[in-house]
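Novice: Could you put together the complete structure from these sequences and hints?
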Amino acid sequence: MTQRQNWNPGRFLKTVTFFELFPFLNLIPCLKTMILGRQPQPTSPFSNSRVGTILVVGETEELNAQIVKHLRAKNYPVRVLTSELAGIESRANSEAEYYRGSLQDKASFSAELMAGVQTMIASSVDASAMDNLVQVATRSLGTDPTTTTLFDFRQPTADLAAIWGAVDDVVMGGVSESNLRFVNDCAVFAGNVSVANSGGFASVRNRNFSPPLDLSSYEGIQLRVKGDGQRYKFILRCEGKWDGVSYCYSFNTAPNNWIDVRIPFDELIPTFRAKTVNDAPKFDSSKTYSMQLMLSKFEYDGNLNPRFVPGVFELQWESIQAYGKTAVPKLIYVSLGDEGLERQVLESGVSYAIIRGENTTSEEISRRCVQAVNSPRESVN
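One point on numbering: in the numbering used here, the residue at position 111 of the sequence shown is 131, and numbering is uninterrupted.
Think of the hints as simulated: they come from the structure by calculation, not from any bench.
Straight-line Cα separation of at most 27 Å, DSSO-like style, residue types lysine-lysine; simulated pairs:
#, residue 1, residue 2
1, K89, K345
2, K295, K317
3, K261, K34
4, K317, K302
5, K345, K246
6, K317, K34
7, K261, K317
Specialist: Here it is as structure tokens:
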């Protein structure tokens with residue numbers, strides 16, 4: 021029989037405060053700071069980084085404005101990178117999000133700017149800017165035209181640390197302890213799992229998305245991880261409750277090997293506290309409130325995790341992507357006939373569409389850009 025160990029009420033209070041289970045603490049910021057310490061706060065809520073966002077870049081303000089207008093008419097979430105500070109200030113109440121930066125500066129393509137971006141539309145760029153765009157598209161958007169990156173842990177930011185927190189068995193009287201650290205071009209989920217006090221799980225979870233993510237045009241979630249040979253769970257929720265029904269998928273890891281884990285929404289198991297809920301509806305991917313990664317002693321319905329080993333564990337985590345969308349271009353380039361720039365796009369390895377913009381109007385170019393956003397194949401027109 022495992023000897024009972026002292027429970028840490030301070031860690032319990034820190035967990036429920038981080039995830040705002042006691043909203044009144046927001047009215048007493050000094051008390052909240054005393055519990056959590058000085059932690060990074062999001063510069064903008066993750067809800068602004070909506071899945072399927074179109075990023076518009078280029079130095080032609082008139083064309084950018086036309087493209088934004090046509091995209092918003094189709095209800096696409098839009099983000100704009102511009103070097104004009106006045107342009108940002110004058111559009112403070114716009115439905116699009118405006119970021120100040122330069123196409124010549126890779127640092128302008130921050131993780132916050134790229135979060136949730138599906139496609140970039142570029143115009144009026146030179147060779148140096150195109151180099152940056154191709155590199156950013158390859159790294160942040162990927163070469164698979166059917167995926168969209170939700171979290172890129174290779175580019176850690178204060179926002180990531182501010183929205184991901186530990187949920188260990190301390191919430192049920194246990195003594196396991198874990199955290200999510202951002203090191204060496206990835207996140208590291210690590211800690212120590214103990215079965216003392218009838219515990220046996222450690223996890224990290226994001227604060228609820230507000231509003232929830234709409235992933236209904238995708239088939240599932242893809243994780244890029246390097247584990248330690250143990251069997252983990254990935255958990256999604258389609259309601260905003262802290263302790264409601266959760267939808268789980270278990271997967272094995274290979275020691276010290278990077279693997280891609282595909283989690284089809286249709287294969288998620290509805291559970292409540294590790295017990296299956298047979299009459300629960302299927303996961304509603306249009307209302308994705310939270311994501312959670314867990315190492316647990318238990319599988320489902322009292323069955324044990326066949327690979328579980330108590331003690332120290334570590335899993336490296338590179339990204340979370342949504343997969344299964346109809347193939348779309350990652351980079352749409354408005355060309356004025358520069359064959360060298362077009363060649364950079366064609367040879368990039370990124371799915372593309374090239375819109376020929378000579379001898380036509382901004383209105384027509386914008387219309388064709390919007391048509392290309394959901395084009396199922398690469399094109400030059």
